[in-house]
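Here the protein sequences line up with chains C and X, keeping their order.
Once you know that position 6 of the first sequence is 6 in my numbering, the rest is easy, because the numbers rise by one and skip nothing.
Once you know that position 70 of the second sequence is 70 in my numbering, the rest is easy, because the numbers rise by one and skip nothing.
Watch out, some of these pointers could steer you wrong.
Said to hold, decoys possible - Subject to a maximum C-alpha distance of 20 Å in a straight line, what follows is the list of computed DMTMM-like cross-link-like pairs (lysine to aspartate or glutamate):
1. X/Lys248 to C/Asp71
2. X/Lys223 to X/Glu208
3. X/Lys66 to X/Asp289
4. X/Lys248 to X/Glu353
5. X/Lys269 to X/Asp289
6. X/Lys248 to C/Asp22
It is worth saying that the hints were derived from the structure and are not from the lab.
All values derive from a computational prediction rather than experimental measurement.
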Amino acid sequence: MQLFPCPFCGPRSETEFHFGGDAGNHRPEGFRDVTDGEWTAYLHERNNLRGAANEIWMHMTCGEVFRMERDTVHHGIARSFALTEGDGDDRLAH
Amino acid sequence: MTRHYSALSLFKEGLAGQKGWQQAWRSPQPKPRYDILIIGGGGHGLATAYYLAKVHNIRNVAVIEKGWLGGGNTGRNTTVVRSNYFFPESTALYEMALKLYEGLGRDLNYNIMLSQRGIITLAHSEAEMEMAARTVNAMQINGTDAELFGIEDVRRVLPLLDMSPDARYPVFGGVWQGRAGTARHDAVAWGYARAADRLGVDIIQSCEVEEFLIEGGRCRGVKTSRGEIRAERVGMVIAGHSSHLAAKAGFRLPITSYALQACVSEPIKPALDTVVLSPATGTYASQSDKGELVVGGGLDRVPSYGQRGNLPMLETVISGLLEMFPSFRQLRLMRQWAGIVDVTPDSSPILGESPLPGLFLNCGWGTGGFKAIPAGGTLLANLLATGKHHDVSRPFDLDRFARGRLIDEAAGSGIAH
Chain C
1 MQLFPCPFCG
11 PRSETEFHFG
21 GDAGNHRPEG
31 FRDVTDGEWT
41 AYLHERNNLR
51 GAANEIWMHM
61 TCGEVFRMER
71 DTVHHGIARS
81 FALTEGDGDD
91 RLAH
Chain X
1 MTRHYSALSL
11 FKEGLAGQKG
21 WQQAWRSPQP
31 KPRYDILIIG
41 GGGHGLATAY
51 YLAKVHNIRN
61 VAVIEKGWLG
71 GGNTGRNTTV
81 VRSNYFFPES
91 TALYEMALKL
101 YEGLGRDLNY
111 NIMLSQRGII
121 TLAHSEAEME
131 MAARTVNAMQ
141 INGTDAELFG
151 IEDVRRVLPL
161 LDMSPDARYP
171 VFGGVWQGRA
181 GTARHDAVAW
191 GYARAADRLG
201 VDIIQSCEVE
211 EFLIEGGRCR
221 GVKTSRGEIR
231 AERVGMVIAG
241 HSSHLAAKAG
251 FRLPITSYAL
261 QACVSEPIKP
271 ALDTVVLSPA
281 TGTYASQSDK
291 GELVVGGGLD
301 RVPSYGQRGN
311 LPMLETVISG
321 LLEMFPSFRQ
331 LRLMRQWAGI
341 VDVTPDSSPI
351 LGESPLPGLF
361 LNCGWGTGGF
371 KAIPAGGTLL
381 ANLLATGKHH
391 DVSRPFDLDR
401 FARGRLIDEA
411 AGSGIAH
């Protein structure tokens, strides 16, 4: 059993959390301007990094969505923080 | 020197003190150039090489593997083979595999210990029973064998199942596929390796891909820990780590990697002579020829490349098993392990050319790669040899994610994705 740090509730059991995908995977703007490729990338393609990863998670108990930096090999967690904190999401895209 | 396995060769070697057996496959030095290069020496990679040599007569082929043969998911799965899928595309794919499995021992001259003991997918409510009937209809229309089991049929094949009125998971019936069963997973990899080697394929272990050689926008080979290897076409068959290598080739895949766990109990006398799967409890089990109960379940909920798994899912799986089979409660668990599976959004595999021309994909099998090995090998070999799709592999091309024609097998495949 691993503990994940919710930025609002503190360390909680991993079973309380839901994986939400890559951080910085923003919905493409503009209705007709979005190409098939951009839409496919947004909907389906994933970074799926081996090692340091930057992910969105939801703490289902409190309902908050947050960002977590985690290693996908040894499962160590570097940090987690609210989406309103940190260095802004845009630089993180892909 | 004895290479062919038969009763006669066993007898002769017995008289000669078992000293004449040859190596099952060679360990050659990598050549600088091949017609076709396969990355990944698991079941699918070795099967691809075998069918390239046998069906397409392309023998200047190498399989490179960073570890050892069958050391990844091929050696970590729960050995179940079946084709009880819902959609016609999926049934065509997995039925092709099951048919090939049925003749594989003879084809490879290697005992893969195929045991068609049947699989029962349990229905635990009236609603699930209706879905079971729908699944049986779909399977029969798609041309595979399926039978709708009532309570008495289930009692007959699963005498130890708790079917008392106060059982926590009451049973209403289930879907039966009699041709499903198990096969020895290592033997499948070793059998393909031995047969491919005999046809001239170079199998190179401890050879890790460092980067792709890309010239003129086309994949021309790979740089490995044992030097550059060039090839006209390259197949990437590396379950679990497809995204990692795709990033080196410059594209992303619709794949998330998760750990999938399995475990075995201590060996006991024969007690379960079929494969049992309960979607409601997220548990499936069979008894190995050695007597161990082999137990598996759904994916871990945390994306991971750590090949060990975690406790919450194991607890769910084991508690589901013990509620259904109270007599298994006294068993001790011997081993637990995990493999990394690459899961696609529609829980169906990806077979086809990658965004990098010359590089072909066989990945995304999720929790069900082992049962598909002969089909995955046949279809990738066809792609690599001809550059074109087989009718069965066409629906599984990477372009389905852009075209929106997904084959959503999350429910049809039987276990939670």
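Evaluated hints:
1. Distance check on the hinted pair: X/Lys248 and C/Asp71 sit about 19 Å apart at the alpha-carbon level, within 20 Å; holds.
2. Annotation: proposed proximity of X/Lys223 to X/Glu208 holds, straight-line Cα distance about 9 Å (limit 20 Å).
3. Between X/Lys66 and X/Asp289, the direct Cα distance comes to roughly 30 Å. Violation of the 20 Å bound is thereby established for this hinted pair.
4. About 16 Å separates the Cα atoms of X/Lys248 and X/Glu353, which keeps this hinted pair within 20 Å; it holds.
5. A threshold of 20 Å between alpha carbons decides the hint, and for X/Lys269 with X/Asp289 the separation of about 10 Å falls inside it, so the pair holds.
6. Restraint check: the Cα-Cα separation between X/Lys248 and C/Asp22 comes to about 19 Å, which is no more than 20 Å; the hinted pair holds.
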